[in-house]
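J.: Sequence:
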Amino acid sequence: MIIFVGLGNHESKYHNTKHNVGYWVLDSFAKKYDIDFKPGKGNYFVAKKDSSFILIKPTTGMNNSGAIINEVLNFYKLKKENLVIIFDDVDLPLGEIRFRTDGGDGCHKGMKSILKYISNDKIKRLKVGIAAADYKRPSEKYVLKPFNKRYQSLVKNVVSFANEAMQSFLDNGEEFTMNNYNNQTIGEA
1 MIIFVGLGNH ESKYHNTKHN VGYWVLDSFA KKYDIDFKPG KGNYFVAKKD SSFILIKPTT
61 GMNNSGAIIN EVLNFYKLKK ENLVIIFDDV DLPLGEIRFR TDGGDGCHKG MKSILKYISN
121 DKIKRLKVGI AAADYKRPSE KYVLKPFNKR YQSLVKNVVS FANEAMQSFL DNGEEFTMNN
181 YNNQTIGEA
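In this note's numbering, the protein residues as written are 1 to 189.
Derived by calculation from the structure, the hints in this document are not laboratory data. Wrong hints could be hidden among the right ones.
[What the hints assert, rightly or not] Beta-carbon label-pair distances, calculated as ranges: (1) Lys77 <-> Arg137: 38 to 48 Å; (2) Ser160 <-> Thr101: 16 to 26 Å; (3) Leu78 <-> Gln167: 36 to 46 Å; (4) Lys79 <-> Lys149: 23 to 33 Å.
Note that the Cβ used here is the ideal one computed from N, Cα and C, for glycine as well.
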């Protein structure tokens, strides 16, 4: 069974911010399968599809996302090899995604927290590009703002594209997914 963990900030003031793209991707995938999120046995929300997959949205705050990962793995009796972390990436253009099987935190504090608690860089991840033409540093401010309205259609499309990559991973595995979803652009921002 695969556990998809979408990173975001649970507080309502962050719901529409770019940093919550991991949540948006999971919400869309849950809707596709007509499953609902419910409070988990810890600081997270969970939606489950039979023995196919589990969707987890941590409620610990982005910078402490890793705090519940071992809890979730222990509760479901799964290993870190079963994890796929989904999060925003300011170094990728809006309209692109990257599926990776390992790597560092890429200066993403949520991923940094996960790697701290898991202590292993061999964690699968699906990075969703959020850098639109209006991207300005510092990143910390950019990610905590909503997308400009002119990007809403593209944002919706990239969330769907990320859902396709998740389904591909479930159906075809990591290598096929990397070969068929990385390095594609579904639109320009």
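J.: Taking the hints in turn, state whether each one holds.
T.: Here is what the structure says about each hint:
{"no.": "1", "hint": "Lys77 <-> Arg137: 38 to 48 Å", "verdict": "43 Å, holds"}
{"no.": "2", "hint": "Ser160 <-> Thr101: 16 to 26 Å", "verdict": "23 Å, holds"}
{"no.": "3", "hint": "Leu78 <-> Gln167: 36 to 46 Å", "verdict": "20 Å, violated"}
{"no.": "4", "hint": "Lys79 <-> Lys149: 23 to 33 Å", "verdict": "42 Å, violated"}
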